[in-house]
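Here are the chains, one letter per residue:
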Amino acid sequence: MAAPLPEGPKTYEIKSPGVLSLEAELGILSPPEVVADPMALTSALLYLDNITVSFDGFRALNALSLVIGEAEMRAIIGPNGAGKTTMMDVITGKTRPNAGTALFAGVNDLTRLGEAEIANLGIGRKFQTPTVFDMHTVEDNILLALREDRRAFRNIRWGRTPVERERIEALLERVRLKDHRHRQAAELSHGQKQWLEIGMLLAQEPRLLLVDEPAAGMTDQETADTAVLLREIAKTRAVVVVEHDMTFVRDLDVKVTVLHEGSVLAEGPLDQVSADERVIEVYLGR
Amino acid sequence: MSGRIIDRTGGIFIAIVLLAAVLIPAANLLLPPGHPLHVPDYMIPLLGKYLCYALLAVAIDLVWGYCGVLSLGHGAFFALGGYAMGMYLMRQIGPRGVYGNPVLPDFMVFLNYKELPWFWQGFDIFPYAMLMVVLVPGALAFVFGWFAFRSRVTGVYLSIITQAMTFALMLAFFRNDMGFGGNNGLTDFKDILGFPVQAHGTRIVLFMLSALALLAGYLVCRALVTSKYGKVLVAVRDTESRTRFLGYRVENYKLLAWTLSAMIAGVAGALYVPQVGIINPSEFAPSQSIEMVIWVAVGGRGTLVGAALGAVLVNAGKTWFTGLMPEAWLFALGALFVVVTLFMPKGVLGLWAQLTRRLKRAPSAVPTPTPAE
Chain A
315 MAAPLPEGPK TYEIKSPGVL SLEAELGILS PPEVVADPMA LTSALLYLDN ITVSFDGFRA
375 LNALSLVIGE AEMRAIIGPN GAGKTTMMDV ITGKTRPNAG TALFAGVNDL TRLGEAEIAN
435 LGIGRKFQTP TVFDMHTVED NILLALREDR RAFRNIRWGR TPVERERIEA LLERVRLKDH
495 RHRQAAELSH GQKQWLEIGM LLAQEPRLLL VDEPAAGMTD QETADTAVLL REIAKTRAVV
555 VVEHDMTFVR DLDVKVTVLH EGSVLAEGPL DQVSADERVI EVYLGR
Chain B
55 MSGRIIDRTG GIFIAIVLLA AVLIPAANLL LPPGHPLHVP DYMIPLLGKY LCYALLAVAI
115 DLVWGYCGVL SLGHGAFFAL GGYAMGMYLM RQIGPRGVYG NPVLPDFMVF LNYKELPWFW
175 QGFDIFPYAM LMVVLVPGAL AFVFGWFAFR SRVTGVYLSI ITQAMTFALM LAFFRNDMGF
235 GGNNGLTDFK DILGFPVQAH GTRIVLFMLS ALALLAGYLV CRALVTSKYG KVLVAVRDTE
295 SRTRFLGYRV ENYKLLAWTL SAMIAGVAGA LYVPQVGIIN PSEFAPSQSI EMVIWVAVGG
355 RGTLVGAALG AVLVNAGKTW FTGLMPEAWL FALGALFVVV TLFMPKGVLG LWAQLTRRLK
415 RAPSAVPTPT PAE
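Residue numbers (this note's numbering), protein chains in the order written: chain A, 315 to 600; chain B, 55 to 427.
Extracted from the complex, chain B is given alone in its bound form (with noise of 0.2 angstroms):
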């Protein structure tokens, strides 16, 4: 394991997502309609999209990939941060809504809803909104992980309770007396920061900021995986017991990691809601939570850039497959889980390591952890 921040294989991930930041909307923005390189408009929130699966993926992979927690509830976090987007943009609206009342948005109208219940408070201030964003997941995540890393829940136990986490959270969120829109959630958003959502630059912008998010994102994980810290947590994925009689209290440290995890799923999230211009209840199902464990498998485990990766590639084949034969999608992302799972166990950026090592019959720099469970 290189021990380095930025590695080769980071600086190569770096200059990309840096450059697809630039070109892609100069792409869109100074090439005429006609040219065979130009981006068409709809490709950009798109591809925005795209980036903030990325930037979840970082965030499932640092604790899958080092910690060796398997969570298959990450799309809870997701949701949470894009519903306290989502909650901010319903409050921009103001009487612009259908029933044109200043405060209250159009479903809580619709739902007799005399005023604004406790929680939707402050959240037409920008910074508050934004604090929400991770502290939300980030509590969540706390309070969850607190339980059960202290009564030592591991392995597949605790991938069911975090599906179970997820589940229960749909079907709360899914209940109109909850106070997030029922199964509609939240849509019809305006403007963000004054800005209308719908506009090109606005889009061209986002993107942009989910291309920046993406790379601090992975910057902080890569910084965290190559601290003493990191090697504990690697430590604590392969040999638990092992780390604990050497008097490493595991909990705190995958607590730590689990937390910040889930505090980057919730930028994620933030992030994705203005680009699809939804949030709703589906975002909580487990089969999402699943599918983004398979972007990360695929990619490669444990290596940061390959979850990224993975997320790209995974929901590009999707945007691709399901304007094919939409309903072979689920066939082919479950044969894609078989074959990474059998012939890839270190996912693309894995098979491209051997590649390349094959190629030059030398060692590669390229770090490829090997999954431990």
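Chain A on its own, in the form it takes in the complex (with noise of 0.2 angstroms):
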């Protein structure tokens, strides 16, 4: 299969296009410089503005506005219903908007692209529930991911590219799924699947992940893991985590969003927005 690696931390040092960004998510590099494009009417990676999403009269998402800078990692929180779902429904084409504005990278309107239009411009989403190819083997389910061409007859082909075995290989390292890389994904644990989910958002490169509830049916161990994984990312590209799990949020250590009944209800440090009253009101529910 791939060619052998050598062991340790040096498996990250092979040369080759993929690799490079996880060499920069490790330090090794700088990030690459992103130029901002010059038609761009902001310099926020991910902006939503006034995005309202109503069904059948009940508003999923009020008026919600939301900015996300260049490898800006944020933690969103609220009550079941807040909207945090639809707001990612939202960005990634599977929801249109009523009304308002989503723009990516300021030239790309959201609510105008389909969800596979979305995700070549680089965004990427993890579902809450772990959604990985079962039929497929762990390895499988990285390539499938790979930042690839994807139209239809580019992908009539057998095997696997020099490039491709070494970018498989690095993510397998990376989710720690080396030893489970011929098992079928349906066989693996909860938490690995996650963790092979994370592997498959990584393998897409891209510039803002979306995640949802990673630590979900998580051990605590897991769960930590997790979390440095998540900040290691965010060194590089933007990430948006939706979590329940406060002391996740807190391992996280980033600025938090609160969302009540599709707005926002509060912005800041995790200790600032939890002394809030409305937010011990309404989400802590005393």
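Careful: at least some of the hints might be erroneous.
[Stated by the list, open to error] Okay, derived cross-link-like pairs now, BS3-like style, lysine-lysine, Cα gap no bigger than 27 angstroms in a straight line:
1) B/LYS244 to B/LYS103
2) B/LYS372 to B/LYS103
3) A/LYS492 to B/LYS282
4) B/LYS168 to B/LYS244
5) A/LYS408 to A/LYS492
6) B/LYS282 to A/LYS408
[To be verified] Sample of chain B residues facing chain A (criterion: CB under 8 angstroms; computed from the structure):
7) SER281
8) ASP292
9) ARG296
10) PHE299
It is worth saying that the hints were derived from the structure and are not from the lab.
A virtual CB, placed ideally from N, CA and C, is assigned to each residue, including glycine.
Please assemble the complex out of the two chains, which come individually in their own frames, going by the hints.
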């Protein structure tokens, strides 16, 4: 299968375009300078303004505004029904907002593009329940996620290119699934599936990662590891994490946005937000 | 799932089909009629018909087993390929028809056609007719799939509209003024490329060609499903929205497999017509298309080899059973479908894999993906 790789930290020193981003994440390389588009309407990576989504009169999102900068990590919390998942649906093109502006990198209007186009712009999404391709091996799951030509005819090819092999190797190492590479994804434990999905997200090399409840169903150790992994990723790319687990959010140690009834209730460091009376009222239920 | 293009099951399958293509005509021609292994003459077109059905089943399995598109209308593509071949064969009759018109087929003379309709032009040229055998079903599938997949029609709804498509075509082809012979269809063929259709030698060649077409169809589908494209196709079958969020345009992936499948079905129909000697609108009947899906289910969905096996098994059973008590066949078919669905979800091939695994007490190499829906 793949060429044997040196053990230990040297694994990340392979020179190939695909692996550069990993090196960047580990601080071996400085992140590539993202040149802002001269047409950009905003310098923010993700810009949501006044987004409203109603389903049969029920306002899932109510004039929601949110700005995420380049390589910023943001935790989103909020009680059930606050609109967290709907917000992700709007960003990824699954749901069309009734009103509002959604811009990616200042130029791409997310309210007009389809799911596949948005994914190819560099927005990756991890679902609440791990959704990996159960029928495929762990390796193939990563292979399908690798950032490559997505056109149907271009994918009628067999075997793997050396670049693909190296990248798969590096990513499997990264998400600690090297020993499980030939297993069917369906056989993995819940936590392993979560990590595989994060691996697939990394394989896409997105500029923005949307991560929905990554710690759900994980052991304490896995949860802590996931927080470390996400913080590492956030060094080079923007990460939006939706989470219920407060310990996990504390581990992330980033700016927190509290959603309530489809709009932003509070924003700031976790300690400041959790001291806010309105937040305590709606979220902590006291 | 085995990644090689020719895995163990596939190797066995190819060997069997090749052997059948050589040994069955040999047993027919070389052994004397009294010999226990002699294959009687009437068996050759019958077995050739089974091979066409097997090719059709492989085409259905490509879209159902690997892409999750349950087509209840593949009979339409099969029949269109058959009609294209039938039109060529009709033009070959020439002045030998009952009315002796050198250009117009008998039914057109009977229906007072003054000249050949525009869509019959060119069908006297064999390469053109063969092109139409794949182009017409392919074009229909492309247009149908373009709209259906783009508007994200899936599951039961998609199955129902495929059924509606074949039903509509059946009604259209039943009409005399469509120019395809109405409910009598096209028949009384005389010769193909100068060889008499009814002749034993022609039938043997057609049988062997059917076997080769089955192999070619199998290899094309197998190569496709083992490629990276095929992996995406399976991903679409199991988790369509996830695949979309990875940036794949799911509709294009489906459309490619769907159109190719229709073209293969067209080839199967074209080989079928000269062997049975007739093509009529009953081939478009929805019940025919449903029966085809049962072949695939019986053989084992998502295996390609299983689909071919199922088509031969069920049709051999049908021939035997309808000889015994014709009116009970539909009940037997229904019962078969229920039994397979309940007790053999992976079909005959899955059962065989399970048995060998139990005998060996080791994981089997036979790829038998679980159906998703």
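Each hint, compared with the structure:
About 19 angstroms separates the Cα atoms of B/LYS244 and B/LYS103, which keeps this hinted pair within 27 angstroms; it holds. Taking the CA atoms of B/LYS372 and B/LYS103, the gap is near 13 angstroms; set against the 27 angstroms cutoff, the hint holds. A C-alpha spacing of about 21 angstroms is found between A/LYS492 and B/LYS282, which places the hinted pair at or below 27 angstroms, so the restraint holds. For the hint pairing B/LYS168 with B/LYS244, the CA-to-CA distance comes to about 23 angstroms; that is within 27 angstroms, so the pair holds.
Under the criterion of a C-alpha separation no larger than 27 angstroms, the hint pairing A/LYS408 with A/LYS492 is inconsistent with the structure, at around 33 angstroms. Between B/LYS282 and A/LYS408, the direct Cα distance comes to roughly 25 angstroms. Compliance with the 27 angstroms bound is thereby established for this hinted pair. Nearest Cβ of chain A to the Cβ of B/SER281: about 5 angstroms, under the 8 angstroms cut. The hint holds. At about 6 angstroms, the closest approach between the beta carbon of B/ASP292 and any beta carbon in chain A falls short of 8 angstroms, and the interface hint on this residue holds.
Interface restraint check for B/ARG296: the shortest CB-CB distance to chain A comes to about 5 angstroms, inside 8 angstroms, so the restraint holds. At about 5 angstroms, the closest approach between the beta carbon of B/PHE299 and any beta carbon in chain A falls short of 8 angstroms, and the interface hint on this residue holds.
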